[in-house]
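J.: Sequence:
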Amino acid sequence: MHDLIDRHPGSAPKPARYGALLLCAIWLLAGTVGHDPWKTDDALHLGVAFGMSGGDWLVPRIAGDPWLVTPPLYHWVATLCGKALGWLLPWHDAARLASALFGAVMLLALSRTAQALHGGSAALAAPLLAIGTLGLLVPLHEAQPAVAGITGFALSLWGLTIWQRQAQAGGALFGLGLAMSFLGSGVNGMAIGLVTALLLLLHPAWRTRDSLLAWPAAAVAALALSLPWPLLLWQQSPALFDIWWNAEVASFTPPGGFSRDHLELLAWAAWPVLPLALWSLWLERRRPFAAHTFLLLVATLAGLATYAIDTPKPTALLPSLVPLTLLGAACAGRLRRGAANAFDWFGMMTFTLVAGLIWLGGIAMLTGEPERVAKNFSKPAPGFVADASPLVILLAITVSVAWIAVMLRTPRSPWRAAARWSVGLTTMWVLLTLLWLPWIDHGKTYRSVSADFRQVLGKHPGCIARRGLGLAQRASLDYFDGIRTVGASQAGGCRYLIVQATPRADKGVDGWILLRDASRPGDKGERLRLYRRAD
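Residue numbers for the sequence shown, in this note's numbering: 240 to 774.
Just so you know, these hints were derived from the structure itself, not from any lab. In this text, all values refer to a predicted model and were calculated from it rather than measured experimentally. In this text, a Cβ means the ideal position worked out from N, Cα and C, and glycines have one as well. Don't take each hint at face value.
Distance ranges between label pairs, derived from CB positions [to be verified]:
id	residue 1	residue 2	range
1	W296	R524	47 to 53 Å
2	G496	R576	38 to 44 Å
3	L373	T492	25 to 31 Å
4	S498	S652	37 to 43 Å
5	L633	R734	48 to 54 Å
6	I548	V640	46 to 52 Å
7	M588	P477	55 to 61 Å
8	G496	G325	42 to 48 Å
9	L373	V308	22 to 28 Å
Required output: the full structure, derived from the provided sequences and hints.
T.: Here it is as structure tokens:
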């Protein structure tokens, strides 16, 4: 039990803490605002939150139709953010700040857990390694309920870390994490934290009398926070509850076996925390059952087990990245000099090269030179006209100069490699959002398609049928211009029809006249076609 107490007392100096706090804030906000809802998950979940802003907070909906794939915690928070900050930002940007909010809580939980497990310096290393982990970059900058799930998992681990010393507080925090995991990611999300806690009962540090007092507090917190939503759903709409519950049960059926794709995704998405975690386990090989190692090893195995039986997708890997980050934080300052220098140089060279390429692309978009590079941007984004304000250019220059200063002036320390890696990734990400974001947004938004359809449909088109129209497309059309469609069972008297198809699909539809054939700029794999009934 005493193994969980801070084994390396002391904390980082204030300048380092303030610098890490500023870096994390920049990383969380950069790219979260400043662009339209994007296909697929971003548009889908912003569409659900937008539907809730109309007043129905119980049933997640997309363009008026129930969508019961995940519980609605993320969408509740996104809706509140949209309502609170919609006067300052476009509604979708304000709502997407929910990801930054959950991300900030996750980083805080990682920092506090690392401090309790490994000491004050690790409290800085854990959030820095998290923002430097490739697999967390995109999910924490789009509308993604899985972010709420891993935030709950991080809180659960924090609770498990402290409940030997503070049984009721630790148990309540663990229960809060379980409830957040459930309301964010469903039963699967809660199961990872619960399995971790149950496996910890194999360790004597979690079988003491004081430790067992934490379980009632955990049960009360978890049940009180997680049960109201499904109970209200069951009370008000048993049919919708059955749909949701059947989807949860189906999620426990493995869609396939472990494959090479799982390994490839793990290799790049868990970089650099995976090799650091393996090094940490190697350093602790003589005492694998030490409480701090056992806790993180069990949590990692629980997360990887659920990942292995799921389809190989980044969101399925996210829970594993939480304990891997904490394992990496334990040894980031204990790398051998040769390994630390190699890691440091690899990061500096990689991010400097990437930053240079981002600048080259930005200059080519703005000036047309080099012509060959400019064509690589204009061809996939027809109609895009680059325009950057002097302020954006000044900020990009400032960020680049700051990165050069970090490379040249960072003092030697055991944590320098990890710190510079995180600064480098943040620099690359900020430059990308400053110089390339308008170009990316031009090709990933359905705004132009929706406006084109609205112009043809007019203000009161009546019933609009759909055929093959995806969830992200339905959400985007509804968000941008209030275009809502109905399924085949309700489409009998509809005057208009929207079809999603491939470019090679036959444009002719019996009994319908084609009015518009549109797509996102440069999209060669998808067409949205608007028809009017022939009679």
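J.: Each hint needs a verdict: does it hold in this structure or not?
T.: Here is how each hint holds up against the structure:
1. W296 with R524: 47 to 53 Å: For W296 and R524 the Cβ distance comes to about 50 Å; the hint holds.
2. G496 with R576: 38 to 44 Å: 41 Å, holds
3. L373 with T492: 25 to 31 Å: 29 Å, holds
4. S498 with S652: 37 to 43 Å: Hint holds: Cβ distance 41 Å, inside 37 to 43 Å.
5. L633 with R734: 48 to 54 Å: 52 Å, holds
6. I548 with V640: 46 to 52 Å: Roughly 47 Å apart at Cβ, these two residues keep to the hinted range, so it holds.
7. M588 with P477: 55 to 61 Å: 60 Å, holds
8. G496 with G325: 42 to 48 Å: 46 Å, holds
9. L373 with V308: 22 to 28 Å: Roughly 26 Å apart at Cβ, these two residues keep to the hinted range, so it holds.
When each numbered hint is compared with the structure, no violation occurs for any of them.
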